[in-house]
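Produce the complete structure using the sequences and hints provided.
2 protein chains.
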Amino acid sequence: MDITFFLNRNLDIPLYQQLYQLFKKNMQDGHIQKGVKLPSKRLLAAQLSISQTTVERTYEQLAAEGYIVSKPRSGWFADYDEIDLIHSEMANNPSIKPVTREKENWIDFHYGNVDSVHFPFSAWRKSMVGSLDQYGQQLHRPGDILGELELRTLIAENLYHSRGVHCRPEQVILGAGNPILLQILCQVLRRDISIGYEDPGFPRSRKIFEMNSMKIIPIPVDEEGICMDGIRKENPSLVYVTPSHQFPLGTVMTFDRRRQLLKWAAENQSFIIEDDYDGEYRYSGQPIPSLQGLDQHERVIFMGTFSKSLLPSLRVSYMVLPSSLLEKGREITSLYKQTVSCHVQLTLVEFIKKGEWQKHINKMRKLYQRKREILLETLQSEMGEQVKVRGGDTGLHIMLDVNSHFNEKELIEKAKEQGVKIYPASPFYTKQPPGNTVFIGFAGVSEADIRAGIKKLKAAWMN
Amino acid sequence: MDITFFLNRNLDIPLYQQLYQLFKKNMQDGHIQKGVKLPSKRLLAAQLSISQTTVERTYEQLAAEGYIVSKPRSGWFADYDEIDLIHSEMANNPSIKPVTREKENWIDFHYGNVDSVHFPFSAWRKSMVGSLDQYGQQLHRPGDILGELELRTLIAENLYHSRGVHCRPEQVILGAGNPILLQILCQVLRRDISIGYEDPGFPRSRKIFEMNSMKIIPIPVDEEGICMDGIRKENPSLVYVTPSHQFPLGTVMTFDRRRQLLKWAAENQSFIIEDDYDGEYRYSGQPIPSLQGLDQHERVIFMGTFSKSLLPSLRVSYMVLPSSLLEKGREITSLYKQTVSCHVQLTLVEFIKKGEWQKHINKMRKLYQRKREILLETLQSEMGEQVKVRGGDTGLHIMLDVNSHFNEKELIEKAKEQGVKIYPASPFYTKQPPGNTVFIGFAGVSEADIRAGIKKLKAAWMN
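Protein chains in written order, with our numbering: chain X, 1 to 463; chain L, 1001 to 1463.
These aren't lab readings, by the way, just hints derived from the structure by calculation. Note that CB positions come from ideal geometry on N, CA and C, so glycine has one too. There could be a bad hint or two in this list.
To be verified - With a cut-off of at most 16 Å between alpha-carbon atoms, the simulated EDC-like pairs for lysine to aspartate or glutamate come out as follows:
| # | chain 1 | residue 1 | chain 2 | residue 2 |
| --- | --- | --- | --- | --- |
| 1 | X | Lys-458 | X | Glu-410 |
| 2 | L | Lys-1215 | X | Asp-12 |
| 3 | X | Lys-421 | X | Glu-410 |
| 4 | L | Lys-1207 | X | Glu-331 |
| 5 | X | Lys-24 | L | Glu-1327 |
| 6 | X | Lys-366 | X | Asp-393 |
| 7 | L | Lys-1024 | L | Asp-1079 |
| 8 | X | Lys-25 | L | Glu-1331 |
| 9 | L | Lys-1353 | L | Glu-1157 |
| 10 | L | Lys-1126 | X | Asp-133 |
| 11 | L | Lys-1458 | L | Glu-1408 |
| 12 | L | Lys-1455 | L | Glu-1382 |
| 13 | X | Lys-71 | X | Glu-410 |
| 14 | L | Lys-1215 | L | Glu-1234 |
| 15 | X | Lys-25 | L | Glu-1327 |
| 16 | X | Lys-126 | L | Asp-1133 |
| 17 | L | Lys-1458 | L | Glu-1382 |
| 18 | X | Lys-456 | X | Asp-108 |
| 19 | X | Lys-24 | L | Glu-1331 |
| 20 | X | Lys-366 | X | Asp-115 |
| 21 | L | Lys-1037 | X | Glu-356 |
| 22 | L | Lys-1263 | L | Glu-1298 |
As the list claims (entries may be wrong) - A few chain X residues that don't get close to chain L, going by computed Cβ distances all over 12 Å:
| # | residue |
| --- | --- |
| 23 | Arg-9 |
| 24 | Asn-105 |
| 25 | Gln-260 |
| 26 | Thr-378 |
| 27 | Ala-452 |
See the structure below:
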């Protein structure tokens, strides 16, 4: 394919952004058809007389959003209208219609979903009404900028016991979801800094860093966690990691690797963002304290959420800032005011104080462990040597290497034909995405549907 | 309680001894409170992947030394007395005490407050419980990125009738407060653009634009609204205005000025942000349709909020994007996901559909009009020619020029001495702040306190 895009060097818009927009528009307008091979980075760079790095950033962004996929040893291909990760929730969830109406024909292994049957409605309802009747007057205050102190205190206590996090309530900032907190963090740390980013890693957070003109430095991940060689080579001023359950690989960062990372951060005066997005769901093995808990030099920013441990639609997340960032953190947060509804916060306070939250987590941990076992057993019994599971020890999703003649896109299409939604692994990668690996979340799928779904996958792939 | 202790299997110290030491230290440090229920032997053994016998030996030793007690049929409880700093800290925090306790001695004319007495609790409570029971299942979906379609539809309809805004629900984006929506908008419009900003104007929004490296161009405001000379001279790519009630001056932008501004925007291909922060509270005079409603060329971004018309702590705001910004707007918003809790949105749907919201606004409009009249009358009768009121025709605040030998800072200090909180006008100005003008919000003050407060101000200033 020959591409003659006109890039305007007089615009304030960076070239890679212009190129990204042009590609996207062309794909959406159907000028670049799905499956079309894109020019190599070297060739396109030459054609448009821009640097290969610019082309690379463009391709990375398009890949992160699911517009294109890279196939090993054959290059980049347009993949628009398949899975746009960032838009997938929207696509899956037309408003107001009961979920069942939309999904009755699908078995959807989307990793963003949680179990929808076992939520303790009556207890939540009680806390909600109770907090309204008890704290009604307080709903008229603007409330604490960082979040209600009582909730931040409960979070600090819980984090100490469950994750070994050492913090005072003043270090905890609540926000309506991790992305908002990351945005605040970017403004606290100011832009134009470099960030070492797990490759593969979480595309949404990466995009927010990019939007804030942070320089993303992809760092490979091995069985022990993010690779220290890459970090020591680049010495970024910030590192973003998911140690308790690497996203998407599912590995747990070893104690030794945690110590090395912390030692480096202390020496290099860099900060580490520890995203503990589903740390509650550890099923077995020796628990490893959080990086924040092991840190002796206040280099770690810990992030957590109630999305997995309670409800995604609650939109309650939190971050724990080191002392050196508190003042700036409070200043930036106060510009947005507290983004979590005061009543939702007070409901959570009630819910946690009554022990309902812990009860729920314990229940869900058992439930998800059972779902996970059923998933792994069924995969083993149905497909045996044909598939390899990655990251099955913890969390709510797995990556599955499928040994067949289908590539990632074909695996997903074949599954769709059987009424099963699974997701691509390649968008998580900025370099060398795997060719035949799919991404499976099991939290939102019933035990029966897990069994049925895997059988359908076998039918889709192995026949 | 979820416990993560790191047990070191390489030490010579037996595991039960390590566990015993860790428990003891935690109780002594106050991390495990007296009366807290400890995890069952079985659960803790599983969590730490050690034998139940090890846990049993630990618990027995702790019990022998009086750190924990066993209660029949209910398990083990910490029994070690220790003052928890976190909790004592919490005890003397105002944010979790009833507001009245903290403010009883103050008459606070803060402009961010709303009337705290007339909020329709029982109706809101009903909608809240009703929506939970009716839509419970939906709370498990991530929900529509832009906000629940049903709520966006109701907002679009209401905006058409109340403000003359023409839009489709697809153009409405919900967010947890205006600042978040402005942040999204900055990322939609990209940075390094110039923005014409009312001087005086709203400092919080200005800061958010500055944070996104937009170039702020202060434009003077006259009786008709923002001055066209300044705008035509600078031709900024974006203009931020508060036409229905200029903040802080309180003037209403004339029809003629609106037409000039729209004409300029169309010719210059610039966008206008119309911040309608308290447009519901117009008390008299010919209603002027919103800029968005008069606009023929899709140059206006309309912003509104439920903070004034319902509750600030709800954190529900919205913006209406022109078609040309929809795609990018949806893309950026999807990065943050929807920041308003799904249940809060569904509660609003119920509340609006039942007509409770309109009923509330009508009631509050009458109430605030009466408060405003009492404020103006009392100012007139108490201080007469000594003071000049600006922007008293609409909205929930006024600016007051005080003819005395005190400057702004002194006026505020003198008022404080009398137990009255009023606020400075100078922070709203980037150029030539007035020397003796104060800012007074009356929505959150009772009628009696308005009278008493003004009398105190007279005592503070005129004696």
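In rising order, the numbers of the hints this structure does not comply with: none
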